[in-house]
Every structure is written in C-alpha cells, then in structure tokens.
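Visitor: Sequence:
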Amino acid sequence: MDAVRQIARDGLRRMVFRRMVRSDEVQESSKSRVSGRGHDGGMSIVTDSVESADGTPIVFHVQGDGPPLVILHGTLVTTEMYRDLADLLAARYRVVTVERRDYGPSGIGPRPARFAGHAADLAAVLAAVKEPAFVFGHSFGGLVALHAMNDISSGVRRLALYEPPATLTGPVLAPALATIRDLTSTHRPVDAILEFFAAISDSAPRPDAFRPFAETLAGRATGLVADLECMTAMPPDVSRWSGIDTPTLLLNGDLSDSYGRNSVDLLRATLPNAHTTILAGLGHHPDDPEPVAAALCEFFG
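Here full-length UniProt numbering is used: the first residue of the sequence shown is 1, the next is one more, and so on.
FYI, nobody ran anything at the bench for these hints, they're computed from the structure. Do not rely on the hints blindly, as some may be mistaken.
The calculated label-pair distances, taken between Cβ atoms and stated as ranges, are [as the list claims (entries may be wrong)]:
no.: 1; residue 1: Pro247; residue 2: Ala91; range: 14 to 24 Å
no.: 2; residue 1: Asn273; residue 2: Asp182; range: 38 to 48 Å
no.: 3; residue 1: Asp287; residue 2: Ala91; range: 29 to 39 Å
no.: 4; residue 1: Ala218; residue 2: Ala294; range: 20 to 30 Å
no.: 5; residue 1: Gly66; residue 2: Arg111; range: 33 to 43 Å
no.: 6; residue 1: Ala269; residue 2: Ala209; range: 33 to 43 Å
no.: 7; residue 1: Pro67; residue 2: Ala174; range: 38 to 48 Å
no.: 8; residue 1: Ser239; residue 2: Ala209; range: 26 to 36 Å
C-beta atoms are modelled at their ideal positions from N, C-alpha and C, and glycine is treated no differently.
With the hints as constraints, model all of the structure from the sequences given.
Guide: This is the structure:
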C-alpha cells in the first residue's frame with residue numbers, strides 16, 4: 001500500500017508542476033486577447049451565471065454554435081487553460097466552459113467541500129443550457145462529471161474524461177489537508193500551496209525554490225483546499241459508477257504518469273459503455289489542444 005501511495009504522490013507531483021506551468025503560460029498569453037472575443041477577434045464569448053442548489057453562483061462562458069458541449073476544469077487552474085481547446089471546438093459546438101465553485105469568478109461553496117456540491121453545479125449549468133449536452137471533464141473535472149451522472153444522465157448525451165484521478169483518495173491526500181487548510185484560513189495561501197507541493201512527493205525540490213511560482217497561484221488556494229476536501233472524502237471503491245451506461249470516452253496521454261494510466265484502466269473496467277483512446281505525445285495536461293479536440297469531435301460527432 002505504501003508503494004501505491006508513493007506512486008500516486010509522485011504522479012500527482014509531476015502532473016501539478018507540468019499543469020501549473022502551462023496554466024501560467026496560457027493566462028499570460030490571454031492578457032492580450034480582446035475582452036469578449038476569440039483568438040481571431042471574430043468569435044464572441046458570452047459570460048453568464050446560474051445559481052446552484054445551495055445558492056452558490058456558478059459562472060460559465062459560452063462560444064460557438066451547435067450542440068452544447070460543457071467543459072469542466074481541473075485543480076488549481078481556471079477556464080483560461082482550456083481557451084485554446086474551446087476555440088477549436090467552437091467551430092462545431094456551443095462550448096460552455098464552467099468556472100468551478102471556489103475558483104475564478106464563481107462563488108465559494110460551503111465547507112467541508114463535497115462532490116455533491118459540484119454535481120449540483122453541473123446540473124444547474126445543464127438546466128441553463130436547456131438541451132442534452134456533451135460533457136468533457138479534465139482531471140478533477142472528470143471526477144465531478146462522474147459524481148454527477150446518477151442525477152444528470154438524462155441530460156448528458158455522451159461523456160468524455162481526461163485522466164480523472166480516481167485512485168487519489170483519502171489515504172494519499174489526507175495527511176496534508178489539515179495543514180493546508182490551516183495555512184489558507186490564516187491568510188497564508190502561498191505557504192499552503194508550497195505545503196501541497198512538498199506533501200505530494202518526498203523528492204520535490206526545496207519549497208522555497210517554488211515560492212515565486214506559488215505566489216502566482218495564491219488566489220487559487222481556496223479552490224485547492226476544496227478539491228482536496230472532496231478527494232479526501234471520496235471512497236476508493238469505484239464500483240458505485242458501474243451503473244453509468246452513458247457512452248464514455250476515456251482519454252489518456254501516452255506521456256502521462258502511471259497514476260493517470262491506472263485511473264483510466266480502473267474506470268475502463270468499471271464503466272460498462274466506455275472505451276479508451278491513447279493520445280500520442282501528450283501528458284496529463286495536453287499542451288497541444290488539437291489532438292484532444294480531434295478525439296472529442298470524433299467521439300461526440
């Protein structure tokens with residue numbers, strides 16, 4: 001069991017470092033984008049919001065025409081990371097990128113955070129869309145989609161999941177959660193993020209080396225705590241999802257760490273109507289959105 005936990009920690013560490021760097025680059029490039037327009041200045045992006053079941057406001061952005069396709073983002077990032085992907089998909093779909101609760105402009109949910117709140121958020125967004133939608137969840141966003149499916153399956157035409165970390169549960173994440181929560185509540189978000197980096201791998205570099213980078217993520221520490229609360233409380237038994245018969249695509253980058261592959265393999269054996277596509281040259285966060293967009297278009301139709 002200790003070996004499994006270490007593999008998960010090492011995988012999560014590498015996933016976070018790669019993903020955070022890419023997110024920072026994407027958000028930097030987005031500063032030059034004209035507000036409300038796409039990369040080419042021609043496609044409008046409309047921002048709207050909906051109230052979730054517990055009263056939490058959930059913001060989402062809509063672009064393109066066609067059947068609706070909802071995108072759910074991962075941990076410690078926002079919808080900006082998926083803007084290039086959304087731009088590609090918007091040529092074919094009405095793309096709805098959701099700012100998850102506790103991130104960006106959306107509201108802060110009750111504590112301790114649980115997946116039930118995220119599931120209700122997705123249900124509220126789908127109700128606002130007003131027709132059955134395709135749903136794509138990346139990493140933690142994929143877990144949100146899975147937790148929601150028992151209640152929203154009739155509103156989901158097809159489901160695509162990019163390496164949802166189904167194997168990262170309480171035994172892996174719980175030890176650091178209390179410290180990270182305390183640091184955040186005492187207005188030390190940078191230290192909380194550094195603690196997260198240190199906790200997920202014994203081989204992580206000296207935390208102070210990452211302080212400047214962690215400072216750029218300080219505004220997302222609340223979301224980090226909330227996501228860890230959800231995952232820590234998540235039962236390790238995935239058989240509860242065996243009744244999800246919605247057609248499901250499991251995406252896995254061939255450069256991803258073993259935890260990503262293990263999670264995809266576990267879900268492939270659990271979901272009765274799922275198949276896997278391996279994307280060459282991509283890791284947990286796909287730096288090139290084109291292969292992801294192509295796989296989604298082929299699957300969603």
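Visitor: So which hints don't hold here, by number, going up?
Guide: 3, 4 and 8
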